[in-house]
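2 protein chains.
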Amino acid sequence: MAKENQFVEQIADINADFPQWYTDVVLKTKLVDYGPVKGTMVIRPYAYSIWESIQSEMNVRFKKRGVENAYFPLLIPMSYFTKEAEHVEGFAPEVAVVTVAGGEELAEPLAIRPTSETIIGTMCSKWVQSYRDLPLKVNQWCNVMRWEKTTRPFLRTSEFLWQEGHTVHASAAEAEEETQAMLEIYKDFAENCLAIPVLTGRKTEKERFAGAVATYTMEAMMKDGKSLQAGTSHYLGQNFASAFDIKFLGDDSTHQTAYTTSWGVSTRLIGAIIMTHGDERGLVLPPVVAPVQCVIVPIAARKPGVIEACEALKEELEGAGIKVTCDKSDNSPGWKFNEWEMKGVPVRIELGPRDIENGKMICARRDTLEKTEVERASAVESVKALLKDIQKNMLETARKRRDERIVYADDMQGILAGVEAGNFVKAGWCGCRECEDKIKEDTGATARVFAEGESAETCAVCGKKAQHVIIFARAY
Amino acid sequence: MAKENQFVEQIADINADFPQWYTDVVLKTKLVDYGPVKGTMVIRPYAYSIWESIQSEMNVRFKKRGVENAYFPLLIPMSYFTKEAEHVEGFAPEVAVVTVAGGEELAEPLAIRPTSETIIGTMCSKWVQSYRDLPLKVNQWCNVMRWEKTTRPFLRTSEFLWQEGHTVHASAAEAEEETQAMLEIYKDFAENCLAIPVLTGRKTEKERFAGAVATYTMEAMMKDGKSLQAGTSHYLGQNFASAFDIKFLGDDSTHQTAYTTSWGVSTRLIGAIIMTHGDERGLVLPPVVAPVQCVIVPIAARKPGVIEACEALKEELEGAGIKVTCDKSDNSPGWKFNEWEMKGVPVRIELGPRDIENGKMICARRDTLEKTEVERASAVESVKALLKDIQKNMLETARKRRDERIVYADDMQGILAGVEAGNFVKAGWCGCRECEDKIKEDTGATARVFAEGESAETCAVCGKKAQHVIIFARAY
Chain A
2 MAKENQFVEQ
12 IADINADFPQ
22 WYTDVVLKTK
32 LVDYGPVKGT
42 MVIRPYAYSI
52 WESIQSEMNV
62 RFKKRGVENA
72 YFPLLIPMSY
82 FTKEAEHVEG
92 FAPEVAVVTV
102 AGGEELAEPL
112 AIRPTSETII
122 GTMCSKWVQS
132 YRDLPLKVNQ
142 WCNVMRWEKT
152 TRPFLRTSEF
162 LWQEGHTVHA
172 SAAEAEEETQ
182 AMLEIYKDFA
192 ENCLAIPVLT
202 GRKTEKERFA
212 GAVATYTMEA
222 MMKDGKSLQA
232 GTSHYLGQNF
242 ASAFDIKFLG
252 DDSTHQTAYT
262 TSWGVSTRLI
272 GAIIMTHGDE
282 RGLVLPPVVA
292 PVQCVIVPIA
302 ARKPGVIEAC
312 EALKEELEGA
322 GIKVTCDKSD
332 NSPGWKFNEW
342 EMKGVPVRIE
352 LGPRDIENGK
362 MICARRDTLE
372 KTEVERASAV
382 ESVKALLKDI
392 QKNMLETARK
402 RRDERIVYAD
412 DMQGILAGVE
422 AGNFVKAGWC
432 GCRECEDKIK
442 EDTGATARVF
452 AEGESAETCA
462 VCGKKAQHVI
472 IFARAY
Chain B
2 MAKENQFVEQ
12 IADINADFPQ
22 WYTDVVLKTK
32 LVDYGPVKGT
42 MVIRPYAYSI
52 WESIQSEMNV
62 RFKKRGVENA
72 YFPLLIPMSY
82 FTKEAEHVEG
92 FAPEVAVVTV
102 AGGEELAEPL
112 AIRPTSETII
122 GTMCSKWVQS
132 YRDLPLKVNQ
142 WCNVMRWEKT
152 TRPFLRTSEF
162 LWQEGHTVHA
172 SAAEAEEETQ
182 AMLEIYKDFA
192 ENCLAIPVLT
202 GRKTEKERFA
212 GAVATYTMEA
222 MMKDGKSLQA
232 GTSHYLGQNF
242 ASAFDIKFLG
252 DDSTHQTAYT
262 TSWGVSTRLI
272 GAIIMTHGDE
282 RGLVLPPVVA
292 PVQCVIVPIA
302 ARKPGVIEAC
312 EALKEELEGA
322 GIKVTCDKSD
332 NSPGWKFNEW
342 EMKGVPVRIE
352 LGPRDIENGK
362 MICARRDTLE
372 KTEVERASAV
382 ESVKALLKDI
392 QKNMLETARK
402 RRDERIVYAD
412 DMQGILAGVE
422 AGNFVKAGWC
432 GCRECEDKIK
442 EDTGATARVF
452 AEGESAETCA
462 VCGKKAQHVI
472 IFARAY
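So the sequence lines, in the order shown, correspond to chains A and B. In case it helps, my numbering puts the first sequence at residues 2 to 477. In case it helps, my numbering puts the second sequence at residues 2 to 477.
Rather than coming from a laboratory, the hints here were simulated on the basis of the structure. Bear in mind the structure is a predicted one, so any value in this text is a computation, not a measurement.
You can't tell identical chains apart in this list, so a pair holds if it fits in one copy or across any two.
Below are the DSS-like pairs computed for lysine-lysine, each with C-alpha atoms no more than 25 Å apart in a straight line:
(1) Lys138 - Lys29
(2) Lys329 - Lys65
(3) Lys84 - Lys39
(4) Lys372 - Lys385
(5) Lys329 - Lys138
(6) Lys64 - Lys337
(7) Lys127 - Lys84
(8) Lys315 - Lys372
(9) Lys29 - Lys64
(10) Lys372 - Lys304
(11) Lys227 - Lys393
(12) Lys65 - Lys315
(13) Lys31 - Lys138
(14) Lys138 - Lys337
Work the whole structure out from these sequences, hints included.
Next up, the structure:
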């Protein structure tokens with residue numbers, strides 16, 4: 002770290018201007034670029050690789066629960082939306098509409114899917130005839146579109162990529178169990194793959210998915226103290242099954258209406274990674290999803306044998322399944338250190354003539370910036386152990402930071418002070434919409450999630466008896 | 002095969018009504034279903050799994066050539082299309098247009114991408130500044146939309162899934178080489194993964210991609226003798242680079258315009274698999290992409306030990322990386338044989354009490370329908386060897402059939418007779434558009450691909466000196 006970090010100067014100070022820091026990081030590390038249509042983004046290879054890792058980790062988990070991937074059409078007849086009243090109310094204002102195709106005005110306008118309950122419901126009503134067809138569990142990885150006024154790469158864009166799982170069940174209990182099981186899968190994934198600690202639980206009625214009976218969420222604390230809804234799992238009851246006529250012949254020979262669920266995570270998760278782990282030098286990527294897990298920087302690269310030694314090391318690590326690159330560019334080592342730190346690569350290896358002579362190498366870890374000298378002969382085991390430790394440490398660090406920033410409040414002033422200080426605030430709530438609205442108005446914080454199993458005496462707003470404890474925070 | 006095949010009765014006769022056979026097969030094997038919007042399809046899990054195998058096989062090949070995956074926006078401002086004159090002419094009639102979004106009429110209508118040269122060109126003009134930024138190679142897996150009048154699942158639908166690769170180069174030679182290299186990758190993939198033999202080469206000017214300098218294609222012969230364009234690779238010269246201002250500072254410090262390529266394959270490939278290998282019993286899937294490579298059917302399943310033996314076998318095969326399922330449903334073995342044959346599963350294992358006693362099992366291969374008795378102890382090696390042999394045999398069989406059906410013709414009558422008989426017809430061509438049009442008018446056949454390196458005396462239409470030999474065929 003001898004040299005002045007020229008990249009750090011290009012990135013806004015994370016403590017002084019977090020939003021600008023975020024924008025600088027996503028653009029300068031080439032994660033993303035702005036698309037020509039307002040509110041759209043280009044997901045560049047460095048971010049898309051993270052998305053591919055997310056997909057493959059998720060797919061393993063989905064498969065274990067018997068979920069199969071499929072693909073449903075992008076365009077949905079507008080009339081489908083109107084079939085579930087709450088759903089259309091929630092999504093109609095954000096929808097993009099195709100009115101002309103093949104040179105002709107369409108008889109019925111077509112919506113670009115903002116989510117696919119309506120079209121998947123339609124197909125399921127055809128596929129589900131008997132209890133033998135249940136449960137039915139499908140998932141799709143696709144693009145969706147929600148026309149947003151204020152946008153930010155990964156966090157809120159007109160178009161984004163996601164997965165949406167949809168299941169159909171014979172009973173309410175089974176569907177509710179599925180909703181919970183998917184939430185648990187999301188939590189396991191967020192914590193163990195992305196090193197992002199999450200709070201999980203139910204949403205208030207106000208924050209619920211349009212058309213759901215109950216929405217469950219995982220909420221993550223970003224470094225600025227704001228909450229990010231990182232994934233949701235909805236118990237839809239019979240709302241969509243009734244609207245789309247998903248009926249089946251039960252094992253008792255009666256005709257019954259099914260119960261459905263849906264659940265999704267999106268490219269938002271990339272935003273969550275950035276804002277959970279990033280620091281003044283740029284990205285800090287969790288090893289499990291890092292596009293490059295280890296970068297080798299040759300020191301005194303022109304000295305005989307250095308490049309060859311770096312190449313040999315690269316091959317050895319690659320052979321062990323580590324995602325590794327060797328930076329042979331003309332830039333100085335200091336420049337390279339800065340660049341790969343900005344890009345958040347978990348482990349950097351420095352290898353120069355003296356190290357080679359001594360059978361050593363230097364390992365620098367991105368999370369703590371610690372440097373250690375390691376035996377060259379144990380390169381594979383050392384790097385593997387380091388990656389594992391970084392993954393673990395990143396989760397622990399993020400969890401500790403978050404837990405220190407969950408506070409309690411008894412009244413509105415306490416909530417305001419809490420969120421102003423960048424905390425999650427737990428407070429008693431009577432359960433009425435007015436008090437929930439009032440908190441948002443006065444503090445900008447919304448009810449993120451029920452703190453299940455906790456209790457409070459009084460509602461922080463009206464002072465009446467509290468029915469629940471809610472975690473309030475400002476949110477993305 | 003003792004029992005009458007009840008499924009075969011449900012599928013139209015492949016020899017009597019090929020189009021109906023195709024429709025029956027894709028629907029009854031649950032590969033696909035019709036979407037609610039005309040011309041759209043739902044890709045069901047059994048087909049989507051094939052698509053996922055195609056993706057992972059392709060991704061390995063792309064990566065080796067330094068191509069990185071990314072994601073570009075779905076919506077393209079209409080004004081972008083007009084920048085490359087031939088391109089807009091080719092695609093404008095098929096485009097679906099968003100005119101309303103977020104409850105408001107848009108100032109500029111937005112096209113749903115029919116292909117992404119225009120938007121990727123726009124981004125590349127921003128990313129490419131110096132020769133050091135070249136070559137730039139990106140690929141995206143995405144949905145595209147082309148409003149088609151006549152549609153058929155997988156072959157021609159309003160929306161389909163594909164990959165589109167786009168590369169930018171400093172020289173024409175390098176871009177041309179890339180175009181050819183991708184064509185070779187497609188050919189290798191089609192032959193070795195899908196067991197589909199293809200003819201590769203250049204397209205005539207008439208059949209060229211709108212905006213390309215040259216289009217290269219791989220053409221596959223379906224069982225009805227029609228050709229299916231299974232993938233294309235375009236050398237775009239400076240057409241798009243000029244229109245979208247992709248310029249760079251060369252190593253000689255001069256400003257230069259870049260050269261680009263694009264190339265793609267789509268879910269059409271699934272249609273190609275069906276129509277290359279399918280038979281009167283239904284699908285025949287190549288092992289490399291089959292969602293289920295091996296099905297175990299218990300014989301006399303209620304006898305003690307049978308289900309346990311089948312489960313143990315399943316675990317053993319699964320542990321060896323074979324995609325295997327065990328059909329424990331209540332249906333009869335005969336019913337199961339028919340069902341899994343219809344679904345095209347490469348290997349069926351029958352395991353009953355006598356086999357278990359003798360340490361044997363029966364293996365039936367889907368491609369030749371041959372049954373052999375195999376030592377239970379060598380199950381893994383036997384199934385692996387069988388899958389390998391089936392993959393090889395399917396390609397050889399398809400190649401032999403195709404080669405027997407490539408004929409020569411000297412005149413129009415010969416071309417007509419050839420295509421009527423379900424052949425690919427090689428014929429001399431003077432090179433003029435009139436003769437090409439005349440062949441289409443009179444025979445329904447189009448120029449599929451140049452037969453490079455072959456020569457003929459005279460044009461089959463006008464009798465003038467032939468400049469080229471072309472393969473003509475009716476096509477999907």
